[in-house]
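Given chain A's structure and the hints, the job is docking chain B with the ligands onto it.
As they're listed, the protein sequences go chains A and B.
In case it helps, this note's numbering puts the first sequence at residues 1 to 292.
In case it helps, this note's numbering puts the second sequence at residues 1 to 274.
Cβ-Cβ distance ranges computed for the label pairs, FRET-style:
id, chain 1, residue 1, chain 2, residue 2, range
1, B, Cys229, A, Asp17, 31 to 39 Å
2, A, Glu8, B, Cys229, 24 to 32 Å
3, A, Pro120, B, Ile73, 41 to 49 Å
4, B, Ala220, A, Thr66, 19 to 27 Å
Derived by calculation from the structure, the hints in this document are not laboratory data.
Ideal Cβ positions, reconstructed from N, Cα and C, are used throughout, including at glycine.
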Amino acid sequence: MEMVQAKELVYEYEKRDDEGNVIGMNRAVDGVDIDVKPGQFVAILGHNGSGKSTLAKHINAILVPTGGTMWVNGVDTKNPDELMHVRQSAGMVFQNPDNQIIGTVVEEDVGFGPENLGVPTDEIWTRVEESLKAVGMLEYRTHSPNKLSGGQKQRVAIAGVIAMEPKCIVLDEPTAMLDPNGRKEVISTVQELRKKKQVTVILITHYMEEVIDADQVYVMDGGHIVMHGTPREIFSQVKELKKYRLDVPQVTMLAEELRNRGLDIPRGILRREELVRYVTELKEKEEKSHVN
Amino acid sequence: MIRDITIGQYYPAKSSIHRLDPRVKIVCTLLFLISLFVQNSILGYAIATVFLAVVIKVSKVPLKFIVRGLKAIVILLMFTVVMNLFLTKGGEEIFGFWIFHISEQGLRTSVFMAVRLIYLIMGSSLMTFTTTPNSLTDGIESLLHPLNRFHVPVHEVAMMMSIALRFIPILLEETDKIMKAQIARGADLESGNIIQKTKAMVPILVPLFVSAFRRANDLAMAMEARCYCGGEGRTKMKPLIYKNRDYMAYTVTVVYLVLIIGIGRFVPFKLWIF
Ligand SMILES: Nc1ncnc2c1ncn2[C@@H]1O[C@H](COP(=O)(O)OP(=O)(O)OP(=O)(O)O)[C@@H](O)[C@H]1O
Ligand SMILES: [Mg+2]
Numbered sequence: 001m002e003m004v005q006a007k008e009l010v011y012e013y014e015k016r017d018d019e020g021n022v023i024g025m026n027r028a029v030d031g032v033d034i035d036v037k038p039g040q041f042v043a044i045l046g047h048n049g050s051g052k053s054t055l056a057k058h059i060n061a062i063l064v065p066t067g068g069t070m071w072v073n074g075v076d077t078k079n080p081d082e083l084m085h086v087r088q089s090a091g092m093v094f095q096n097p098d099n100q101i102i103g104t105v106v107e108e109d110v111g112f113g114p115e116n117l118g119v120p121t122d123e124i125w126t127r128v129e130e131s132l133k134a135v136g137m138l139e140y141r142t143h144s145p146n147k148l149s150g151g152q153k154q155r156v157a158i159a160g161v162i163a164m165e166p167k168c169i170v171l172d173e174p175t176a177m178l179d180p181n182g183r184k185e186v187i188s189t190v191q192e193l194r195k196k197k198q199v200t201v202i203l204i205t206h207y208m209e210e211v212i213d214a215d216q217v218y219v220m221d222g223g224h225i226v227m228h229g230t231p232r233e234i235f236s237q238v239k240e241l242k243k244y245r246l247d248v249p250q251v252t253m254l255a256e257e258l259r260n261r262g263l264d265i266p267r268g269i270l271r272r273e274e275l276v277r278y279v280t281e282l283k284e285k286e287e288k289s290h291v292n
Numbered sequence: 001m002i003r004d005i006t007i008g009q010y011y012p013a014k015s016s017i018h019r020l021d022p023r024v025k026i027v028c029t030l031l032f033l034i035s036l037f038v039q040n041s042i043l044g045y046a047i048a049t050v051f052l053a054v055v056i057k058v059s060k061v062p063l064k065f066i067v068r069g070l071k072a073i074v075i076l077l078m079f080t081v082v083m084n085l086f087l088t089k090g091g092e093e094i095f096g097f098w099i100f101h102i103s104e105q106g107l108r109t110s111v112f113m114a115v116r117l118i119y120l121i122m123g124s125s126l127m128t129f130t131t132t133p134n135s136l137t138d139g140i141e142s143l144l145h146p147l148n149r150f151h152v153p154v155h156e157v158a159m160m161m162s163i164a165l166r167f168i169p170i171l172l173e174e175t176d177k178i179m180k181a182q183i184a185r186g187a188d189l190e191s192g193n194i195i196q197k198t199k200a201m202v203p204i205l206v207p208l209f210v211s212a213f214r215r216a217n218d219l220a221m222a223m224e225a226r227c228y229c230g231g232e233g234r235t236k237m238k239p240l241i242y243k244n245r246d247y248m249a250y251t252v253t254v255v256y257l258v259l260i261i262g263i264g265r266f267v268p269f270k271l272w273i274f
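Next comes chain B alone, as it looks inside the complex:
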């Protein structure tokens, strides 16, 4: 189960998307997410699909990987679809039985909501797949740099994030080990109702936390030993500098955004096929 979480993982490959400046990828991902919510037409979703498909193709990340990230939201997805399906009223009723009524509007909304959620996850996981956690945090740090003036510890937060990302696989492995160790001691993690299952997690979480704190302590010492003392006076091994391809990526995304908004507003394209 734990292994299914692919969000936040990096997929190493040599593609033009991988080479983009992380700031570009963050901003463009945000623009893409916005684009999903400012329109609501089939043509709009078609353009979004084409855009996403092209970017995935260019990124050389296998579709399989990106889809695997969706597993984490299956329940949320089903919940949204069902809720929208039955609770949205409007338009003709297509299906009715006892208290269940599905309207045309409901069907539309639920399908669109599902597509939106799926694209949202695919878009953002594509960003993390193509950006090393470190350059991601570099990007965030650089984008949020202006907040420094309001005494937001931007560098420190970015450092914490990058360390957290580095330790996720280590802690996952450790969880696995502890689980096996507890099972070997006769712990029963599978059976029982939800309360029993939760209780069974305690002997796993306690050693996990103890070890996480020990690691944190060791790491802090190792960082200090290597002269770390916050963001001041620090230089960068990989400073962020915009290149031509980054401006191009911005242009393409902005054109896409304008197109999708324009279509939603001005093209009276009403063709509902289900």
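Here chain A stands alone, though its shape is the one from the complex:
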């Protein structure tokens, strides 16, 4: 069974004028099909306003499709009786760390989700402890969230989601408001969790470096899915990506430039080590031909 599956998903926002009258519809998501298998790491890319957040909100049943269907863990999100079930199986982490922490103390915030689910008190405590340990924030359990760094706040938010024991976590630009250190912190936390708990991860991001480990990448533009494939397949198509106003990782760009200058390097290089290997190989070949 698919973890998350969307079929011809359509969502329209009402367009309103200054007085609040509906003057039309704005299709933010238009005929989207996605397929996420359990345990996968899926990335969604796209420039501002391409409909990524709107799509993400469907996975958590915050939005219900105008057309088409979204299944989460086999459940149709349109079914109001299954709302809590859907929200429990797919947790969501948002962009702004300040606006998603509800508790005034770290541990109370992590306990908020389990409390809502009606988990017995003793189990809430074990879940809180485990989740905080999983994101490496256990020592901050009695701290006020206001005094944490952005990266730490996001890790608390992630712990708050894990405490609900979801099968899938959707992260909507969780690193957009963080400095490079905070970004690394959050992404490596997510990777750890994936390994330890086998949760499915759907990551929306603007940072291409965060995408290279993904199992599949979706690229959105104007509410459509315009590209879909492995990171290597996607990043091989630099020109196409440029068309959708997206960058590629710096290494990929460098490799592409070298290739354009006639060096014999394949497309879609994602990691620095790969580029180094190809360049050294080329150099060795050249030295050999000199000797001959």
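Here is chain B with the ligands on its own, set in the frame of chain A:
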């Protein structure tokens, strides 16, 4: 200025007062406030002072912090003192000049009023200093729970309060930022009369409100995403259960209240020294 408001802030420490059940702290604070208003003798205030001093000592909250909370009421305090001083008549006149007359009674009332107000603020800020906002709202929620029968949304109100408390420091910081941004753009917040100053606040309040609404929207979504749907079917991570120390605190406070009322009624202790 904004930083001076310490009421509603939590001072983390490990004291027996901190560990008390929030319901105990709320009820006992109320009893203490009542105790200030049911008596009017020097001995009574002396007992109240001792009681407050002991509780502050036990709470490990520095006196400095508690006193800082008084800054917010300085004007109110001065107003009360002056009004009582000149307007209360009775007893011998101690001081008279032109239309200003201070009577013995006036002096007494004004000093007592001042002490009452000061203790009132100190007592209630001690409660918030020793209780996390969340457990405070838990306490209020639990104490007001019976009102649920009259369709008062007790849980929802308590949740709103706890969220408001969490966002106070964030919004204060934001106010600071907006003020600096507007000053950098040449806004003049300091000079001018009161009307000009009020007008100068508009470019600060508008962005503040816009951002507060955006935050509220985001937060509501984040809460929904975490399966929040009101108080029903919710369990508690930190349920409130009375322990021995809580019963002891109740006993001590009740004894104090009885003592202070008893003294006001039965001990003819009249010794006015100023
Ligand atoms: N609450 C809303 N009401 C009306 N229109 C909206 C609303 N939220 C988003 N839109 C519109 O829907 C479209 C897609 O927005 P969405 O937030 O999904 O984009 P996004 O890909 O997440 O962008 P970003 O990278 O900036 O987060 C945009 O045209 C936007 O203006
Ligand atoms: Mg978005």
